[in-house]
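So you can see what is in the structure, the chains are spelled out below.
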Amino acid sequence: MLDIRPRQKVTRADWAAYMNDRAASARNPTIRQFFDTPLPAPDTPIAEVPMVALDMETTGLDERRHAIVSLGVVPFTLSRIAPARRRYWVVKPSRPLFATSIAHHHITHSEIAGAPDFDAVIDELLPMIAGRVVVVHFRNIERPFLDAAVRVRRGEGVMFPMIDTMSLEARRYRQSLWARFRRWLGRPPVSIRLNASRARYGLPAYQGHHALLDALATAELLQAQIANHYHPATPLSALWC
Amino acid sequence: MDAELMEIRQHMSQFPPFDALCDELLDEVAGRIEVSYFKAGSDILLLNADAHELCYIRSGAVEVYRRQGDLYNRLGEGDIFGHFNLLRDHKVRFPARAIEDTLIYFIPDAVFQKLCEEDEHLADFVELERPRLETIAEEQMQSNDMMVTRIRRLLSRAPVTVSVDISVQDAARQMSEDQASAVLVTRACEQQDAPRCFRNDQGQMRQICGIMTNSDFRTRIVAQGLSAQTPVGEVVSPTLITVQSDVSIYEAMLTMLRNNVHHMPVLYRQRPMGIVHLSDIIRYETHSGLYLVSNIFSRLSVEGLARLVPDGRAAFLRMVQEGANSQMVGSALSTIGRSFTRRLLELAEDALGPPPVPYAFMVNGSMARNEQSIVTDQDNALVLDDAFDPDHHDAYFQRLAAFVSDGLDACGYTYCKGDIMATNARWRQPLRVWKEYFRGWMSDPTPETLLHSSIFFDLDSAYGEAALVDQLKDMIAEQAPNSPRFLAAMARNALNRTPPLGFFRTFVMENDGKNNKSINLKRRGTAPMVDVIRVHALACGSKAQNTFERLDDIHKAQLLASGVSDKLRYAFEFLCMSRLRHQAIDIEKDRAPDNNIEPENVESSERHTLKDAFHVLSNAQKFLKFRYPVPSSHGERR
Numbered sequence: 009m010l011d012i013r014p015r016q017k018v019t020r021a022d023w024a025a026y027m028n029d030r031a032a033s034a035r036n037p038t039i040r041q042f043f044d045t046p047l048p049a050p051d052t053p054i055a056e057v058p059m060v061a062l063d064m065e066t067t068g069l070d071e072r073r074h075a076i077v078s079l080g081v082v083p084f085t086l087s088r089i090a091p092a093r094r095r096y097w098v099v100k101p102s103r104p105l106f107a108t109s110i111a112h113h114h115i116t117h118s119e120i121a122g123a124p125d126f127d128a129v130i131d132e133l134l135p136m137i138a139g140r141v142v143v144v145h146f147r148n149i150e151r152p153f154l155d156a157a158v159r160v161r162r163g164e165g166v167m168f169p170m171i172d173t174m175s176l177e178a179r180r181y182r183q184s185l186w187a188r189f190r191r192w193l194g195r196p197p198v199s200i201r202l203n204a205s206r207a208r209y210g211l212p213a214y215q216g217h218h219a220l221l222d223a224l225a226t227a228e229l230l231q232a233q234i235a236n237h238y239h240p241a242t243p244l245s246a247l248w249c
Numbered sequence: 360m361d362a363e364l365m366e367i368r369q370h371m372s373q374f375p376p377f378d379a380l381c382d383e384l385l386d387e388v389a390g391r392i393e394v395s396y397f398k399a400g401s402d403i404l405l406l407n408a409d410a411h412e413l414c415y416i417r418s419g420a421v422e423v424y425r426r427q428g429d430l431y432n433r434l435g436e437g438d439i440f441g442h443f444n445l446l447r448d449h450k451v452r453f454p455a456r457a458i459e460d461t462l463i464y465f466i467p468d469a470v471f472q473k474l475c476e477e478d479e480h481l482a483d484f485v486e487l488e489r490p491r492l493e494t495i496a497e498e499q500m501q502s503n504d505m506m507v508t509r510i511r512r513l514l515s516r517a518p519v520t521v522s523v524d525i526s527v528q529d530a531a532r533q534m535s536e537d538q539a540s541a542v543l544v545t546r547a548c549e550q551q552d553a554p555r556c557f558r559n560d561q562g563q564m565r566q567i568c569g570i571m572t573n574s575d576f577r578t579r580i581v582a583q584g585l586s587a588q589t590p591v592g593e594v595v596s597p598t599l600i601t602v603q604s605d606v607s608i609y610e611a612m613l614t615m616l617r618n619n620v621h622h623m624p625v626l627y628r629q630r631p632m633g634i635v636h637l638s639d640i641i642r643y644e645t646h647s648g649l650y651l652v653s654n655i656f657s658r659l660s661v662e663g664l665a666r667l668v669p670d671g672r673a674a675f676l677r678m679v680q681e682g683a684n685s686q687m688v689g690s691a692l693s694t695i696g697r698s699f700t701r702r703l704l705e706l707a708e709d710a711l712g713p714p715p716v717p718y719a720f721m722v723n724g725s726m727a728r729n730e731q732s733i734v735t736d737q738d739n740a741l742v743l744d745d746a747f748d749p750d751h752h753d754a755y756f757q758r759l760a761a762f763v764s765d766g767l768d769a770c771g772y773t774y775c776k777g778d779i780m781a782t783n784a785r786w787r788q789p790l791r792v793w794k795e796y797f798r799g800w801m802s803d804p805t806p807e808t809l810l811h812s813s814i815f816f817d818l819d820s821a822y823g824e825a826a827l828v829d830q831l832k833d834m835i836a837e838q839a840p841n842s843p844r845f846l847a848a849m850a851r852n853a854l855n856r857t858p859p860l861g862f863f864r865t866f867v868m869e870n871d872g873k874n875n876k877s878i879n880l881k882r883r884g885t886a887p888m889v890d891v892i893r894v895h896a897l898a899c900g901s902k903a904q905n906t907f908e909r910l911d912d913i914h915k916a917q918l919l920a921s922g923v924s925d926k927l928r929y930a931f932e933f934l935c936m937s938r939l940r941h942q943a944i945d946i947e948k949d950r951a952p953d954n955n956i957e958p959e960n961v962e963s964s965e966r967h968t969l970k971d972a973f974h975v976l977s978n979a980q981k982f983l984k985f986r987y988p989v990p991s992s993h994g995e996r997r
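Each protein sequence line maps, in turn, to chains A and B.
Following this note's numbering from start to finish, the first sequence increments by one per residue and tops out at 249.
Following this note's numbering from start to finish, the second sequence increments by one per residue and tops out at 997.
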């Protein structure tokens with residue numbers, strides 16, 4: 009089962025060209041610096057790629073109506089995750105925080121009251137992830153929220169390649185022949201949520217939702233996915249999107 | 360540490376050795392780990408690679424191997440490995456592989472070294488077996504006062520002494536004057552090195568002839584109708600049980616119980632320091648075992664004795680719960696067992712009449728070693744005087760043996776499955792036949808014949824003419840050290856039962872990697888350890904029967920490298936205690952106690968120590984093979 013080709017279209021085939029373009033046109037120094045930092049080449053074996061797992065908690069699912077509440081990042085490689093070099097930020101949301109999402113995240117009003125605006129986070133976050141491949145579980149939250157939040161504050165957004173552990177899971181459990189056969193039989197689809205995916209690889213269940221813990225969980229999941237379905241020499245281009 | 364990595368810290372805080380770390384150090388460890396996932400079947404540590412981290416299993420399972428590839432250990436969630444590599448030369452000596460999908464936390468060497476420096480408990484935990492076993496065995500030892508307090512503390516005054524030639528009336532008067540319940544009878548003595556000779560306060564050399572107690576005046580004088588003018592020397596009993604002043608109260612108590620005496624002179628070298636009475640000890644520490652033994656001797660029938668069995672269990676339970684060590688429990692239970700045996704023999708002689716020839720009732724196995732547990736069968740034999748004539752005398756001894764054997768069975772000492780009982784004609788023989796048996800076992804040994812007779816190499820007299828058994832002991836001690844083929848055969852038999860590797864989750868892990876549901880701790884731990892130590896004891900001509908006393912002799916003979924006998928002692932103590940504790944748990948939970956322990960009842964700290972003890976045993980067995988090789992003349996046998 010090595011190196012399953014993604015069926016879904018890769019959004020940007022040539023990330024290097026895109027990054028170069030953005031570096032040339034960027035007005036904000038932090039953003040220019042970010043795009044100026046070269047990414048590993050697409051043919052780099054995954055075993056040699058510096059990565060950073062990223063997770064955020066938001067007040068909802070729509071980046072136009074909801075806001076980022078907290079953000080956690082954990083640098084790692086295929087062989088080691090380094091929680092010691094983790095970063096975590098609680099952000100004062102630009103939009104009101106609803107009681108329901110408080111219960112969900114365990115982040116309280118008082119924590120948020122003392123927190124900085126996301127603008128302050130940008131200057132710390134971007135240098136931290138620059139030059140590394142960002143790994144998330146479900147990029148359709150992280151990517152648009154990050155882009156929108158930076159765009160609002162700096163006048164231009166950020167886009168960059170990501171490895172999405174959920175879509176790697178989907179390739180295997182939603183789009184494979186076997187998965188389609190299962191669906192044809194009327195079986196319910198296999199869950200590809202973070203904890204359910206981890207359980208398939210014998211990874212422990214972590215309690216609760218916390219941006220940093222979920223980032224760690226995502227990094228562990230990617231290590232497990234590569235160990236089980238890919239080869240350490242798999243080129244980055246086969247995994248990112 | 361930031362609250363957000365509580366998950367890691369929380370997990371580590373539940374498992375030893377991290378569970379005992381102070382918060383500050385735990386924060387530091389949890390904050391500095393690295394994480395990695397290993398698919399089932401993939402290598403975690405490769406032999407001879409550089410080792411710079413301690414490994415902690417967050418989830419999954421790992422096997423650790425020896426250099427040659429033998430399984431060393433199988434570990435699960437919360438276990439650590441790789442510390443030996445860090446403690447030695449930072450090369451991987453024990454490679455490791457994931458046997459399930461596994462998540463490992465790596466702790467950097469610098470953090471590990473700091474933990475070892477700042478946390479004694481952790482340092483103990485990661486060091487190779489001895490220190491951990493030692494610490495725990497010593498903790499167990501110190502927790503009981505009777506074991507460490509010496510008998511001299513109970514002596515309130517010097518003994519009252521009378522001269523051998525005064526009348527019993529004068530002796531009684533002297534005792535009343537001094538308000539003493541016992542008096543030592545002494546006589547003048549010329550030679551300084553005669554037994555029981557000492558210089559008294561007046562500077563005269565005296566020799567102790569015996570002890571006269573209140574009850575002796577009743578039984579030996581009044582009941583016999585003797586005159587008040589009879590010289591004391593004529594009635595005093597020549598047998599005298601004494602102890603040295605530096606033995607523990609406990610040992611002194613056992614000596615009294617074993618010999619069924621209530622007064623006992625306490626000596627410093629040869630000099631009497633005082634007389635201790637059983638009630639002194641009871642006052643010092645009320646101990647249920649005592650009452651039980653005195654109860655045994657007051658029973659008039661087998662049924663009466665059998666009714667005391669629950670008391671024996673209760674006494675056992677109390678001792679284990681009060682933190683007695685294995686020697687205390689073992690000798691107390693053996694004393695109880697011997698008391699049952701003695702009392703049964705007394706009852707048998709009452710019923711059958713006096714024996715036609717002198718005999719010794721020999722006990723073997725754990726009772727001879729004073730290491731009985733609550734689960735035990737009977738191993739005994741009769742050593743008869745050489746005047747024994749089977750045609751005339753055997754019917755008596757057959758009935759005597761049957762009476763005792765049935766009685767012991769009724770009292771919970773089940774019949775021996777191997778038929779090592781005095782009821783078996785083969786083991787009911789005069790001394791000369793016994794000598795032939797032993798000579799044959801030692802001079803023409805085969806592992807097969809010794810397999811069933813090795814139990815006779817733990818021997819002691821429980822009743823009757825102890826000298827008969829002592830002669831056999833002397834003979835063994837003389838001949839065994841010079842019988843290399845015998846030692847080799849005994850050594851080979853001592854390797855028949857091996858310890859498991861340790862525990863893995865709710866299973867016992869065997870050396871071939873198989874998992875078992877439970878382990879017989881006697882068969883796989885204490886018994887092979889006894890076997891190993893017995894071989895060394897025979898080799899150095901020790902007459903001791905108790906495993907700890909044998910270790911003392913082995914140590915004195917410098918048979919083993921320094922420190923090895925201590926290691927064996929701690930391991931044996933721990934194995935015995937584990938077995939006793941699990942039997943106590945069985946009794947508490949109203950189950951029939953046995954020698955099995957189930958891993959789910961083994962606490963995590965006990966697991967680690969047990970594993971160390973198994974390891975010590977396994978090494979001791981390997982050494983045995985090498986130390987007592989089969990001599991080259993092996994082929995000449997028969």
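To be clear, the hints were calculated from the coordinates, so they are not data collected in a lab.
For clarity, every value in this text was computed on a predicted model and none was experimentally measured.
Cβ atoms here follow ideal geometry from the backbone N, Cα and C, with glycine treated the same way.
Do not take every clue at face value.
[Stated by the list, open to error] Label pairs and their calculated CB-CB ranges: (1) A:88 to B:864: 23 to 31 Å; (2) A:121 to B:480: 20 to 28 Å; (3) A:131 to B:401: 36 to 44 Å.
[As the list claims (entries may be wrong)] Over the 10 Å line for every Cβ pair with chain B, so calculated as not near, a few chain A residues: (4) 47; (5) 69; (6) 127; (7) 212; (8) 214.
Now for the hints, and whether the structure bears them out:
1. A:88 to B:864: 23 to 31 Å: Roughly 27 Å apart at Cβ, these two residues keep to the hinted range, so it holds.
2. A:121 to B:480: 20 to 28 Å: For residue 480 of chain B against residue 121 of chain A, whose Cβ atoms are near 43 Å apart, the range 20 to 28 Å is violated.
3. A:131 to B:401: 36 to 44 Å: 40 Å, holds
4. 47: Residue 47 of chain A clear of chain B: closest Cβ-Cβ about 24 Å, beyond 10 Å.
5. 69: 23 Å, holds
6. 127: Given that every Cβ of chain B is farther than 10 Å from that of residue 127 of chain A, nearest at about 22 Å, it holds.
7. 212: Not fine: 4 Å to the nearest Cβ puts residue 212 of chain A too close to chain B.
8. 214: Check fails; 6 Å does not lie beyond 10 Å.
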